[in-house]
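Enquirer: Just so you know, the protein sequences line up as chains A and B, in that order.
Here the first sequence is numbered in this note's numbering, starting from 3 and rising by one per residue.
Here the second sequence is numbered in this note's numbering, starting from 2 and rising by one per residue.
Treat the hints with care, as some may be off.
Estimated spans, in silico, between C-beta atoms of each pair [claimed, not checked]:
1. B:GLY97 - A:GLU119: 26 to 36 Å
2. B:ASP19 - A:LEU154: 53 to 63 Å
3. A:ALA162 - B:GLN120: 36 to 46 Å
4. A:VAL357 - B:GLY97: 35 to 45 Å
5. B:GLY97 - A:GLY213: 49 to 59 Å
6. A:ASP21 - B:HIS118: 26 to 36 Å
7. B:HIS118 - A:ALA162: 53 to 63 Å
8. B:GLU35 - A:GLY60: 50 to 60 Å
9. B:GLN120 - A:ASP21: 25 to 35 Å
10. B:ARG46 - A:ALA123: 31 to 41 Å
11. A:ASN10 - B:ALA65: 22 to 32 Å
12. B:LEU6 - A:GLU293: 30 to 40 Å
13. A:GLY213 - B:ALA98: 45 to 55 Å
Away from chain B, derived, C-beta distances all over 10 Å, residues of chain A [stated by the list, open to error]:
14. GLY24
15. ASN74
16. ALA137
17. THR224
18. ASP284
19. ARG285
If you are wondering where the hints come from, they were derived from the structure by calculation, not from laboratory data.
Virtual Cβ for every residue (Gly too), placed ideally from N, Cα, C.
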Amino acid sequence: MRQTPLFNAYARHGARVVDFHGWALPVQFRGIVEEHLHTRRAAGVFDCSHMGEFMVRGAEAIAALDRLVIGNLTALKTGRCRYTALLNADAGIIDDCVALRLSQEEMYFVTNAGPLEEVSALLAARVPGVEDQSAATAKIDVQGPRSREILLSLGLQAAAPLAYWSGVRTEWRGVPLVVTRAGYTGELGYELYVPADAGEAVWDAVLAAEGTMPCGLGARDTLRSEMAYPLNGDDLDPSRTPLETAMDRFIAWETEFPGKARLLHQRDAGDYERLTPVKSLDRRAPRAGFEVFDGADRAGTVTSGTFGPSLGCGVGLAYLSPAAAVPGKRLTAGPRALEIEVCEAPVYREGTCRVKITG
Amino acid sequence: MNPELLRFTETHEWIGADDGGLYVVGISDHAQHELGDVTYVDLPRPGARLEQGAKAAEVESVKAASDIYAPVAGVVAAVNAELDAATELVNQEPYGAGWFFKLQDVDPASLESLMTHDQYKAFCGE
Numbered sequence: 003m004r005q006t007p008l009f010n011a012y013a014r015h016g017a018r019v020v021d022f023h024g025w026a027l028p029v030q031f032r033g034i035v036e037e038h039l040h041t042r043r044a045a046g047v048f049d050c051s052h053m054g055e056f057m058v059r060g061a062e063a064i065a066a067l068d069r070l071v072i073g074n075l076t077a078l079k080t081g082r083c084r085y086t087a088l089l090n091a092d093a094g095i096i097d098d099c100v101a102l103r104l105s106q107e108e109m110y111f112v113t114n115a116g117p118l119e120e121v122s123a124l125l126a127a128r129v130p131g132v133e134d135q136s137a138a139t140a141k142i143d144v145q146g147p148r149s150r151e152i153l154l155s156l157g158l159q160a161a162a163p164l165a166y167w168s169g170v171r172t173e174w175r176g177v178p179l180v181v182t183r184a185g186y187t188g189e190l191g192y193e194l195y196v197p198a199d200a201g202e203a204v205w206d207a208v209l210a211a212e213g214t215m216p217c218g219l220g221a222r223d224t225l226r227s228e229m230a231y232p233l234n235g236d237d238l239d240p241s242r243t244p245l246e247t248a249m250d251r252f253i254a255w256e257t258e259f260p261g262k263a264r265l266l267h268q269r270d271a272g273d274y275e276r277l278t279p280v281k282s283l284d285r286r287a288p289r290a291g292f293e294v295f296d297g298a299d300r301a302g303t304v305t306s307g308t309f310g311p312s313l314g315c316g317v318g319l320a321y322l323s324p325a326a327a328v329p330g331k332r333l334t335a336g337p338r339a340l341e342i343e344v345c346e347a348p349v350y351r352e353g354t355c356r357v358k359i360t361g
Numbered sequence: 002m003n004p005e006l007l008r009f010t011e012t013h014e015w016i017g018a019d020d021g022g023l024y025v026v027g028i029s030d031h032a033q034h035e036l037g038d039v040t041y042v043d044l045p046r047p048g049a050r051l052e053q054g055a056k057a058a059e060v061e062s063v064k065a066a067s068d069i070y071a072p073v074a075g076v077v078a079a080v081n082a083e084l085d086a087a088t089e090l091v092n093q094e095p096y097g098a099g100w101f102f103k104l105q106d107v108d109p110a111s112l113e114s115l116m117t118h119d120q121y122k123a124f125c126g127e
């Protein structure tokens, strides 16, 4: 298994390590529920170094990248992030990604671990001069309502003015880094992209601050599930289009992208299954692979599900037929006919991610 | 209960006699550790007759759902109602307050086929 630059730090915190897409990553340190709840009320610290980072430089290269994704990256303003997706010729999602315009001439492009080899090859072939910085970068997410005050107490002043889904390049304690106000937990939070050889020092410095706790993939999964954020490989893959994964608002129809003709056809037909948040009515969870029924009629399939510690019930994502994907509708799932209810995203409503920073 | 005095299955249940002559069943410390935070327990109906190895209960953790099997044949005499509201007891006290159910009408000799604590620890590679 591949190890991230922070691997040696896990043992100091009692990590339980698992194989995630070929990476040795911590699934938990003290426990998934404790880490989840701590992130919701203070600040959790996550190693996301397995993810991919690419630097795209120059107008021509940015335009080339733009042609591969559903969003309008050319129009992205400096300092802003955009959630987007790389499509294949059939409009299937190769990867869901985040683009950050660092300057007029530079686009930072963040991708998932699962499809990293394919994405790296695709970008190398299609985006002139693209630099794959994945192996040279450690990514540390600091997430939770206290994350901002904690980073400021550590002297990371560049985080102070960042609005939701924006980012900046800065320097902290002599380490060059990119910091974004983003993440995948639903809480106020920041992602720190630092050189791999400085990763462990940054990880230790953040975790030395009062209010922080190391968190694993388990808590990351329960946190994102409560927010109905899809997980690459589980909820979306090349067999699904951005319409099916409910990424409608990230599709720039005025731009060109692979599979656009098929996507237009799908949009006009309108009869596609849609990735939809669901919750159970008790503590049992809908699980990946559960078939969903509306009475006796097949209504779809659960692609991920877990217990939601902040909700106190099961929560998950399911591909549902248009007739079934109606908020409030009661359905059943799985071999024991677990009762579930269709929800609107996010299922967890108290997240602090959008909090406005003033003064 | 003292795990040294319990018997264990390859599916990670434990069983042992209590002071009242009933046989208490739960899951091992190794099992709760592997499951992680337990979030839901579905217990058998009191009075139900269980064959050895029959599915008796279901336990869900954050990550997955697992079946719990009867270590020996018997009749369900009681279930641990505390687990409805406090599933974390399974993690905190797997050999105590986190018990699942109690059996009666158990043939004491049927426990002899199960592993001792030392054998179970070896089975788990501990």
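Enquirer: Would you list, in rising numerical order, the hints stated earlier that this structure does not obey?
Expert: Hints 1, 3, 5, 10, 12, 13, 17, 18, 19 not satisfied by this model.
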